[in-house]
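**Student:** With the sequences and hints as input, model every part of the structure.
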Amino acid sequence: MKKILISEKGRKFLVKGAEFHSNHGRVDIEEGEESVESHLGHRFAVLDPDLIDIYEKMPRAGSYMLKKDMGMILGYLGVGTGAVVVDAGTGSGALAIFLGNVAGTSGRVYSYEHKPEFAAVAEENVKTAGLGDVVSVGVRDVLEGFREDTGTVDFVTLDLNEAWKTLEEARRILRRGGRIAIYNPYIEHARLVHNRLVELGFMEIQTLESVTREMEFRVQGTRPKTSRVGHSGYLTFARKV
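For the sequence shown, the working numbering assigns the number 189 to the initial residue and increments by one for each residue that follows.
It should be emphasised that the hints constitute simulated quantities derived from the structure, not laboratory data.
One or more of the hints may lead you astray.
[Unchecked claim] List of simulated lysine-lysine pairs, DSSO-like, C-alpha gap at most 30 Å: (1) K413 x K353; (2) K303 x K255; (3) K190 x K204; (4) K204 x K245; (5) K353 x K245; (6) K256 x K315; (7) K315 x K413; (8) K303 x K197; (9) K197 x K256; (10) K200 x K413.
**Tutor:** As structure tokens, this is what we get:
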């Protein structure tokens with residue numbers, strides 16, 4: 189049993205099992221309950237966790253991709269039900285999980301991470317998300333090549349330090365018309381990726397940055413929150429023709 193407990197102040201806890209302990213006290217949870225009270229008198233709302241809950245509470249391995257960037261990747265690639273996706277640079281598995289959620293049980297996401305300790309965390313996160321039958325996590329340095337057959341993949345996503353070095357192999361495994369997304373934290377790396385995509389004959393190449401601002405509503409007025417996420421990375425998209 190997996191549940192999300194939300195405290196009266198809005199703090200979330202991802203609970204696996206029927207008993208939970210925190211500084212708010214011990215909580216015993218039964219299936220079907222909408223709210224519970226700890227032995228110290230603190231009340232919690234009880235919900236089934238959705239993908240956002242799992243993303244927010246899952247263990248991290250290194251850096252992880254933000255929702256604003258994953259949303260752009262899903263939208264600009266057009267990943268749909270039944271898609272076959274290769275994801276390189278798994279990290280905590282966040283992007284692989286969101287890709288798998290869209291691809292569904294008729295699709296497949298093959299995610300590769302060169303650090304075994306990161307791959308282990310990601311694999312556990314995939315299981316927590318209930319996507320173990322859709323997303324597979326493998327330990328592999330993709331700079332040495334992909335294992336997929338030529339022209340068998342619908343989409344490729346790359347979150348790597350030297351992503352431009354993998355683009356020829358990525359082109360090989362992509363089907364004609366398939367699309368690729370590359371995440372880079374630095375504009376110099378995005379430029380190297382762009383130039384290599386041009387050399388390899390990709391089309392519809394564009395590099396974008398997502399900047400979001402959350403609004404803050406107060407009695408005296410409304411404005412963007414002063415504390416916010418600024419730059420995260422650059423996203424380059426392209427299509428094999």
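**Student:** Could you run down the list of hints and mark each one as holding or not?
**Tutor:** Here's how the hints hold up against the structure:
no.: 1; hint: K413 x K353; in the structure: violated, 39 Å
no.: 2; hint: K303 x K255; in the structure: holds, 23 Å
no.: 3; hint: K190 x K204; in the structure: holds, 5 Å
no.: 4; hint: K204 x K245; in the structure: holds, 12 Å
no.: 5; hint: K353 x K245; in the structure: violated, 33 Å
no.: 6; hint: K256 x K315; in the structure: holds, 23 Å
no.: 7; hint: K315 x K413; in the structure: violated, 35 Å
no.: 8; hint: K303 x K197; in the structure: violated, 37 Å
no.: 9; hint: K197 x K256; in the structure: holds, 25 Å
no.: 10; hint: K200 x K413; in the structure: holds, 21 Å
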